[in-house]
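Given next are the chains, with one letter for each unit.
Protein chains: 4
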Amino acid sequence: MTKAAHILRVACPDQPGLVARVTQCLFENGGNIEDAAQFNDNLSGHFFMRVAFTGDGAAFSKSFAPLAKSLSIDWQLIPANAPVKTLVLVSREDHCLHDILYHAKAGHLPLDIRAVGANHDTMKEQAARADIPFHLVPAKDETALRKLVESTGAELVVLARYMQILSGDFCKLYPGRIINIHHSFLPGFKGAKPYHQAYARGVKIIGATAHFVTADLDEGPIIEQDTVRVNHSMGPEGLKRIGRDIETRVLRRALEYYAERRIFLHGNHTVIL
Amino acid sequence: MTKAAHILRVACPDQPGLVARVTQCLFENGGNIEDAAQFNDNLSGHFFMRVAFTGDGAAFSKSFAPLAKSLSIDWQLIPANAPVKTLVLVSREDHCLHDILYHAKAGHLPLDIRAVGANHDTMKEQAARADIPFHLVPAKDETALRKLVESTGAELVVLARYMQILSGDFCKLYPGRIINIHHSFLPGFKGAKPYHQAYARGVKIIGATAHFVTADLDEGPIIEQDTVRVNHSMGPEGLKRIGRDIETRVLRRALEYYAERRIFLHGNHTVIL
Amino acid sequence: MTKAAHILRVACPDQPGLVARVTQCLFENGGNIEDAAQFNDNLSGHFFMRVAFTGDGAAFSKSFAPLAKSLSIDWQLIPANAPVKTLVLVSREDHCLHDILYHAKAGHLPLDIRAVGANHDTMKEQAARADIPFHLVPAKDETALRKLVESTGAELVVLARYMQILSGDFCKLYPGRIINIHHSFLPGFKGAKPYHQAYARGVKIIGATAHFVTADLDEGPIIEQDTVRVNHSMGPEGLKRIGRDIETRVLRRALEYYAERRIFLHGNHTVIL
Amino acid sequence: MTKAAHILRVACPDQPGLVARVTQCLFENGGNIEDAAQFNDNLSGHFFMRVAFTGDGAAFSKSFAPLAKSLSIDWQLIPANAPVKTLVLVSREDHCLHDILYHAKAGHLPLDIRAVGANHDTMKEQAARADIPFHLVPAKDETALRKLVESTGAELVVLARYMQILSGDFCKLYPGRIINIHHSFLPGFKGAKPYHQAYARGVKIIGATAHFVTADLDEGPIIEQDTVRVNHSMGPEGLKRIGRDIETRVLRRALEYYAERRIFLHGNHTVIL
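Chains as they are written, first to last, in the numbering used here: chain G, 1 to 273; chain C, 1 to 273; chain P, 1 to 273; chain Y, 1 to 273.
FYI, nobody ran anything at the bench for these hints, they're computed from the structure. Just so you know, not all the hints are guaranteed correct.
[To be verified] Below 27 Å or equal to it, Euclidean Cα-Cα: the simulated DSSO-like pairs (lysine-lysine) are:
hint	chain 1	residue 1	chain 2	residue 2
1	P	Lys190	P	Lys240
2	P	Lys85	P	Lys124
3	Y	Lys193	C	Lys105
4	Y	Lys105	C	Lys124
5	P	Lys190	Y	Lys240
6	P	Lys240	Y	Lys190
7	P	Lys105	P	Lys124
8	G	Lys193	P	Lys3
9	G	Lys105	P	Lys105
10	P	Lys193	Y	Lys190
11	G	Lys240	G	Lys193
These numbers were taken from a predicted model, which means no experiment stands behind them.
Let the hints inform the model, and build the full structure from the sequences given.
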């Protein structure tokens, strides 16, 4: 949680004087930088910057717009601490949903959960207890899914162990707006039953991966990953049990980054500032 | 480093009373258990046990042999703390070799390094400084390699960043006796240039894998793995630099397990006791 | 979760043939070992063993009792998978309670939560939602606390961020039965406000410690610990936020160890088998 | 290793427009920012900034000097990639020295090791093999130590397991220039024999701490820390063995931060940019 009133996000081809120009414009408009980070990607020649600041956002925007245009800067100014309108999709496993609802309610995770959608009614009661509308959406009914995104006004769609594959067409509607948690350390163990795959391969570490969903299944840009040590005595069920915990944490961290407007998507990469 | 005089290794199909029979035989022959571990693999129905003990190894062996035969037990009795005769193969990168030589000499790693073999003479001087014979073996000359294994009496062959692919025939000569360090978290990023692959994929964590070498390239049974967190600001060279450290540690741990006779190979798995 | 029907726990001064005698007695009574671990503490000369087995527990007990007596073995035979009757004490922070209730209900944590006790009514509703009786116990009223332990039949008392100091007399009533989560990496930062202490000291890593409660505040035997990396940009509030997650996990793991009967208390140590 | 030619370090009381002014001055003098990081310490009201840039350092300095003076900025402009002249002090344990010499020689660690000083001649040969002058300095002879710092022209003094306590007077001569590796996770286990202390306390994790040396023993500003999981089966000697590895890595990382000019010392804190 930041004290800042605004988050400025800047992305553009690298060129001399970018930091100076952005911060000078902020300074001239009375903006007070609380936190700033930037990254020059030498390989792609792209520049990314995130600034959290207090001050008059409208005045800054007015000054910055023509400058940004002249420098081909892609930018957004977003109110800090405005909860992100979010739709959570689930199937039968509830550990990620449970964690998101708890942390959103406790105020640790700045998400405004507008609805829970599911292809089973297993979690209907859990949503009810948290006073979140629950919608049963039949598998493959992407028209219904699309209506749900629209009716809830969700900016972000979270696949919190949603075991349905979304079509490429659906994914393209919401680029950089659908986050999935995959229960393996991608790119190892793509596809179904990754814990069984991991056990069969005898790995000594398992992991989880939060990524943006694209038309290429399990190939979307990676946002966050983490791993945990396992051993031969844990069968596939043991790996699943241990894995639940790491899935939960990795997804939550990815959602924090999103809500704090830290993620920059560039090709098949992410830059987290 | 254990106080025990002997390491007993037992592997067989699971059956009632195995632990009782093994430990009873040890007890009756005056063996004193310093450390013991066993594992029942419920999925494969196989049993594994490792016992470090002090006492009269010959007396135990004499008693245990007929019992083991009647129960179809595959077993070895090995002197504890006897350094493992080892051949280290390298190419141009020296970090793993350097670490092995240091820890073997310091007495932390019970290996008796008989020789360093290489397809380049880059590390000739490094071997000389450690008073270890150095042999240049041309790439693909597996006859020379085989002679080197034989002439050094090596039980264990360590590929310490040896960048040549060994033939399936060569691998089959030394099952469970060749350990390789792969500079990725297998099964992700098999093949060449894994750090470049990892960078291109935008992973947030990289790893290393020590495994037994089999005829299936990068598919041998995994002995040890570890991971380390990275970020977007590290290019492929940065990942390589960070990766060196983890390769070094993962390989060293795998060699410790081997030298302490902890690794049981079963199909494409390992059990580490 | 184990398939075993019984957990056998053994502790005694080390002497030859212990493993043989225990496993022989199991074998003779038709016990089938599912999992076994033992530890010889060379420094204290004490021996610890935990065996999970299927078979006739009563027959084993009858045979083992005289043997155990003759060898001065301290032992228990406990039904595996019998949930531990537990009283959870809390104050105002709910993250640990929330996690325990979720995992107990989901069947991941074999605890039978009989009641939640608190010195504030902050969490009354949370307990109600989980259908767990809630009791308000005024601070320092240890008579009421004692009655609560008795009336609930609790074997285990969990201090899930309970911010009251228990008297030495109270602690002595329940040796090895009260588990606390301390929000620092003990023995660093004992006492109050450990995150503020950690920030002031500029540490690069924070941690949490689950320990048995004894009359010596923050000095009880450590059951589990873990750490997480932090940096200068996180103020005391940031450390608290990050710390909540690790407190939750460390406490849960300690409760798993307890419920699986893995913890052996010996002097100021624990052995986890 | 950066491509940048210069490292600019800035520290001052926080005030509006600092980033704008510094980066504007760089821009006007043709400086090209390769990497920049800044931190506003809200609690102390202090601002820190590190910029790696290519371009004309002399021109920038000439412009920046009057600006810095008017804003009370404490600053340095340092050639990037100029190895730091370093004196390494050791006693009998060689693992940290060994690692530093290897990585400095391999070009991974930009240190120019001018000499090794020791209160034992145990490591004379090791220094010789690396072609580094070795000096025997009797314990407590701080006059000799001071002469050694001066004659080697060392900017940095590294206590690589140097088991002598330096006087407060000596420490004050070199503020922010002496780095020690302490073999515990400070502030836990200050003083002698930390692994024995850790074992006696039954901790489940051990650690190491690199810190600047001040007159307050084991209380200097922390630069880097790390931890590793241990268990009851590792006696004090086992903890020492495992600890060596983590000491080595933590010290190396602290030296990397120093050599890359990332460490800002502020009161009893460090900020690592």
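Taking the hints in turn, this is what the structure says about them:
1. P:Lys190 - P:Lys240: Holds: Lys190 (chain P) and Lys240 (chain P) sit about 15 Å apart, inside 27 Å.
2. P:Lys85 - P:Lys124: Cα-Cα ~20 Å, so holds.
3. Y:Lys193 - C:Lys105: At roughly 25 Å apart (the allowed maximum being 27 Å), Lys105 (chain C) and Lys193 (chain Y) satisfy the hint.
4. Y:Lys105 - C:Lys124: holds, 17 Å
5. P:Lys190 - Y:Lys240: holds, 25 Å
6. P:Lys240 - Y:Lys190: With a Cα-Cα distance of about 25 Å, the restraint between Lys240 (chain P) and Lys190 (chain Y) holds, given a limit of 27 Å.
7. P:Lys105 - P:Lys124: Roughly 18 Å separates the two Cα atoms, so the pair holds.
8. G:Lys193 - P:Lys3: Answer holds: Lys193 (chain G) to Lys3 (chain P) is near 23 Å, not above 27 Å.
9. G:Lys105 - P:Lys105: holds, 20 Å
10. P:Lys193 - Y:Lys190: Holds - the C-alpha atoms of Lys190 (chain Y) and Lys193 (chain P) are around 20 Å apart, at most 27 Å.
11. G:Lys240 - G:Lys193: holds, 10 Å
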